[in-house]
Amino acid sequence: METPGNSFEQSARAISRMMGLIFVMFLLVGGFLVYLMIDPTLSAFQSEPEPTLIAVAPPEEDDFDKIENGIHLRTGFVEGEGLMTVVNNCTNCHSAKLVTQNRMDADGWRKTIKWMQETQNLWDLGKNEDIIVDYLAMYYAPGKKGRRLNLTNIQWYVLEE
Amino acid sequence: MNRRKFVQNSGLGAMAALLGTEIVFGHTLPKGYLPLGLQDPDPFKMFDKNPEMLVLNDKPWNIESLAHLLDDRITPNRSMFIRNNGIIPQEIDLATWTLTFDGESVERKKSYSLAELKSRFSQHTYQLTIECGGNGRSEFNPPAKGNQWSVGAVHSAEWTGVRLRDVLEDVGITSDAVYIGFHAADTHLSGDPKKEPISRGFPIAKAMQDETLLAFQMNGKDIPLAHGYPLRLVAGGWPASTSGKWLTGISVRDRVHDGPKMTGDSYRVPCLPVAPGTEVAEEDMCIIESMPVKSLITYPKTGATIAQGKSLSFRGHAWAGELEVTRMEYSIDFGSTWKECTLEAPANRLAWQHFSGETRFPQKGYYEVWVRATDSRGNAQPMVLPGWNPKGYLNNACHRIAVKVS
Numbered sequence: 021m022e023t024p025g026n027s028f029e030q031s032a033r034a035i036s037r038m039m040g041l042i043f044v045m046f047l048l049v050g051g052f053l054v055y056l057m058i059d060p061t062l063s064a065f066q067s068e069p070e071p072t073l074i075a076v077a078p079p080e081e082d083d084f085d086k087i088e089n090g091i092h093l094r095t096g097f098v099e100g101e102g103l104m105t106v107v108n109n110c111t112n113c114h115s116a117k118l119v120t121q122n123r124m125d126a127d128g129w130r131k132t133i134k135w136m137q138e139t140q141n142l143w144d145l146g147k148n149e150d151i152i153v154d155y156l157a158m159y160y161a162p163g164k165k166g167r168r169l170n171l172t173n174i175q176w177y178v179l180e181e
Numbered sequence: 011m012n013r014r015k016f017v018q019n020s021g022l023g024a025m026a027a028l029l030g031t032e033i034v035f036g037h038t039l040p041k042g043y044l045p046l047g048l049q050d051p052d053p054f055k056m057f058d059k060n061p062e063m064l065v066l067n068d069k070p071w072n073i074e075s076l077a078h079l080l081d082d083r084i085t086p087n088r089s090m091f092i093r094n095n096g097i098i099p100q101e102i103d104l105a106t107w108t109l110t111f112d113g114e115s116v117e118r119k120k121s122y123s124l125a126e127l128k129s130r131f132s133q134h135t136y137q138l139t140i141e142c143g144g145n146g147r148s149e150f151n152p153p154a155k156g157n158q159w160s161v162g163a164v165h166s167a168e169w170t171g172v173r174l175r176d177v178l179e180d181v182g183i184t185s186d187a188v189y190i191g192f193h194a195a196d197t198h199l200s201g202d203p204k205k206e207p208i209s210r211g212f213p214i215a216k217a218m219q220d221e222t223l224l225a226f227q228m229n230g231k232d233i234p235l236a237h238g239y240p241l242r243l244v245a246g247g248w249p250a251s252t253s254g255k256w257l258t259g260i261s262v263r264d265r266v267h268d269g270p271k272m273t274g275d276s277y278r279v280p281c282l283p284v285a286p287g288t289e290v291a292e293e294d295m296c297i298i299e300s301m302p303v304k305s306l307i308t309y310p311k312t313g314a315t316i317a318q319g320k321s322l323s324f325r326g327h328a329w330a331g332e333l334e335v336t337r338m339e340y341s342i343d344f345g346s347t348w349k350e351c352t353l354e355a356p357a358n359r360l361a362w363q364h365f366s367g368e369t370r371f372p373q374k375g376y377y378e379v380w381v382r383a384t385d386s387r388g389n390a391q392p393m394v395l396p397g398w399n400p401k402g403y404l405n406n407a408c409h410r411i412a413v414k415v416s
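Note that the protein sequences, when read in sequence, are chains H and D.
Heads up: the first sequence is residues 21 to 181, going by our numbering.
Heads up: the second sequence is residues 11 to 416, going by our numbering.
Just a few of them, taken from the derived set where beta-carbon distance is under 8 Å, the chain D residues facing chain H: (1) Asn151; (2) Pro153; (3) Asn157; (4) Gln158; (5) Leu199; (6) Asp202; (7) Pro310; (8) Thr312; (9) Gly313; (10) Ala314; (11) Lys414.
Computed spacing ranges between beta-carbons, pair by pair: (12) Asp144/H - Arg130/D: 47 to 57 Å; (13) Gln137/H - Lys349/D: 51 to 61 Å; (14) Asp52/D - Asn89/H: 21 to 31 Å; (15) Met104/H - Pro372/D: 54 to 64 Å; (16) Ser129/D - Ala126/H: 55 to 65 Å; (17) Met104/H - Ala215/D: 50 to 60 Å; (18) Glu138/H - Pro286/D: 24 to 34 Å; (19) Met104/H - Asp268/D: 35 to 45 Å; (20) Pro213/D - Ile87/H: 50 to 60 Å; (21) Val98/H - Thr184/D: 55 to 65 Å; (22) Thr139/H - Glu114/D: 19 to 29 Å; (23) Val98/H - Val65/D: 13 to 23 Å.
Just so you know, the hints here were simulated from the structure itself, not pulled from any lab data.
For every residue, glycine included, the Cβ atom is placed at its ideal position computed from N, Cα and C.
The whole structure should be built from the sequences, with the hints applied where relevant.
Okay, structure coming up:
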């Protein structure tokens, strides 16, 4: 017959084993649930290779200012004298598209610069102002449009009724 | 599965993990909204726009629709142009968002939470036509400075909200009130936190109209972020710049509001007509109020080729700012002769009206279908460019589509 002390020791060991088991189970289930929160579709276990999820800065390219067919690729500006001065001063606050879609003579571009300095926090351009104005007036000068243009760039298609 | 989809399918925890920081107020993020830090560089996905639309500017975002994309009777978000003067706000907390009324002509300064606005005032829904003042700018000669809009900077969606008038009456305004000016949560391109990108407004009479809303829904859903979530001032029939997005404040003024883009030559035209290219002094420029009569052929898309002997059905919308369109005509002979279109009444005041017509062509060849609307005061759309103005506003020249009969 076992002594009461022995029986207590046995029960204590059994309880401790059970506690251990519950703890391990808890870790397993908990770990799985945490994983499910991050990846609810279990995409990591699907065979299709996943693109890297971490945003990686593009590697330093030596052709950052590449020019192709006379166009500065990064901004869309036309290649010409003063190009990089324009890129460096006119694309910090707004898109290059705001420049390239407009057409003005030298006076108009100079007034636009003055307006940006008075109201939009543009800095003093110093000697660069003439370089910028000359470039813009040369490559982004107004064309003749008349009072109404012909319809252009029509993509013809057969209309099915 | 791409990165965007992964982000959408995952919970806040995953988004926070990708951003490397906790998303404070994450629980109030609108469903399906991606924090800007995770936004796709593809603007059509980011703003849920039709990929045929034209990006005029990506800093700030300005995206134009096309005539044939505006065929719906009520414009869906997918086809709505985006016009921004500043940077779209990034942190929007519905729980702490307030609309504050101040200015010389309020009895006392007063603020409302979004919940208070929704629960304390009766709600109304109107279809309202909003057109950018510079829609059509690209045609002016000499050219006018700014985003070069063609025809697609207009839409007519359904807006739901409370009447500005009801809230102004609750605030209490004094008898010397002349104008209201809005303030918003967007930020200046230069990054200067003290500068407002745009703060425009309109006279008290416009503020008191039934249809002038503080809107929190567009087409029955939360307003999309690019269109002013969570609160937008909507003034149908007036330049879209008066419908302030991301609304945080209204100043009730005892003078014409003088916020950014109210003064100088912004949203102003010469008070008296001038010859093209004329330099106009600031004091001779007047603020644009109601937009002029205009129309758009939304079906078929320009460039249709049809067989000889077949008839062509066409349709579109017409609008006239504060007024109604009373007559709609079309011409297939470059304006020599005009025939009537069928014209519907608007769903409500300041909503665009639908027109339709059917025509046959006498022989093979190249044609243009032109349409012109006439408003209730007898003003019709011009065939050529209307009065030149320094900033290229209010081009309501008739819309044209090309058709070939073979």
